[in-house]
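Trainee: Chains A and B, in that order, give the protein sequences. Count the first sequence with the numbering used here and you get residues 1 to 115, in order. Count the second sequence with the numbering used here and you get residues 1 to 111, in order.
Simulated from the structure, these hints should not be mistaken for lab results. Be careful, since some hints might not be right.
Stated by the list, open to error - Pairwise CB distance ranges, derived in the manner of DEER restraints: (1) A/59 x B/106: 20 to 26 Å; (2) B/76 x A/12: 39 to 45 Å; (3) A/20 x B/52: 39 to 45 Å; (4) A/74 x B/69: 42 to 48 Å; (5) B/12 x A/57: 37 to 43 Å; (6) B/15 x A/83: 19 to 25 Å; (7) A/71 x B/108: 38 to 44 Å.
As the list claims (entries may be wrong) - Here are some of the chain A residues that sit facing chain B, going by a computed Cβ distance under 7 Å: (8) 29; (9) 30; (10) 42; (11) 43; (12) 91; (13) 106; (14) 107; (15) 109.
All of these numbers come straight from a predicted model, not from anything done at the bench. For every residue, glycine included, the Cβ atom is placed at its ideal position computed from N, Cα and C.
Residue strings, one per chain:
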Amino acid sequence: DAGVIQSPRHEVTEMGQEVTLRCKPISGHDYLFWYRQTMMRGLELLIYFNNNVPIDDSGMPEDRFSAKMPNASFSTLKIQPSEPRDSAVYFCASRQNPGKDTEAFFGQGTRLTVV
Amino acid sequence: QQQVKQSPQSLIVQKGGISIINCAYENTAFDYFPWYQQFPGKGPALLIAIRPDVSEKKEGRFTISFNKSAKQFSLHIMDSQPGDSATYFCAALKSNYQLIWGAGTKLIIKP
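Construct all of the structure, not just a fragment, from the sequences and the given hints.
Mentor: If you want it as structure tokens, here you go:
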């Protein structure tokens, strides 16, 4: 397996534009997580899915953020409209179920810059 | 009660020295404690993990020490090398498979 695949690797967009980040989890993994990482706030969990169903979206900062998982092999994180304070690295991670001590595998991340 | 507190925020160690990063938690329901290593431009990757039924786990130069009564655990890197320079995150697993993360420690190993 190629691991968790995220696209794009880098995104530069203007304030007010819609941004869509994409993630392909590892095949067979039942959990998918979206994280945001910044210098100021560290690694923040935004939302996670179990079997394509959103379980906890309490970390989503505002209504401008939305995430979907239409099937087991694809998820998107959308920001509309984007703002400069959304600039960060966004990571997608997946893990297997069952087993509490199974490893979470991270993608390479998408570095988002909103100007 | 859900937090994991990590220290120090940054650490500089000479090559060959011992790097020590500490974490503390409050929720006694946590029962799995992994450490992740992150290099610049990469996502975090699992380094080593421990369950609270043991007090120590060693893998090569990396050791986790776990103190259940104090609700603390630490990562020790022996004979630290420049290639160990990275950001290290401790974490604790919540019952619904959600990892609670520490704030991270940026480790620099000076040659």
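Trainee: Which constraints among the numbered hints does this structure fail? Numbers only, ascending.
Mentor: 6, 8 and 9
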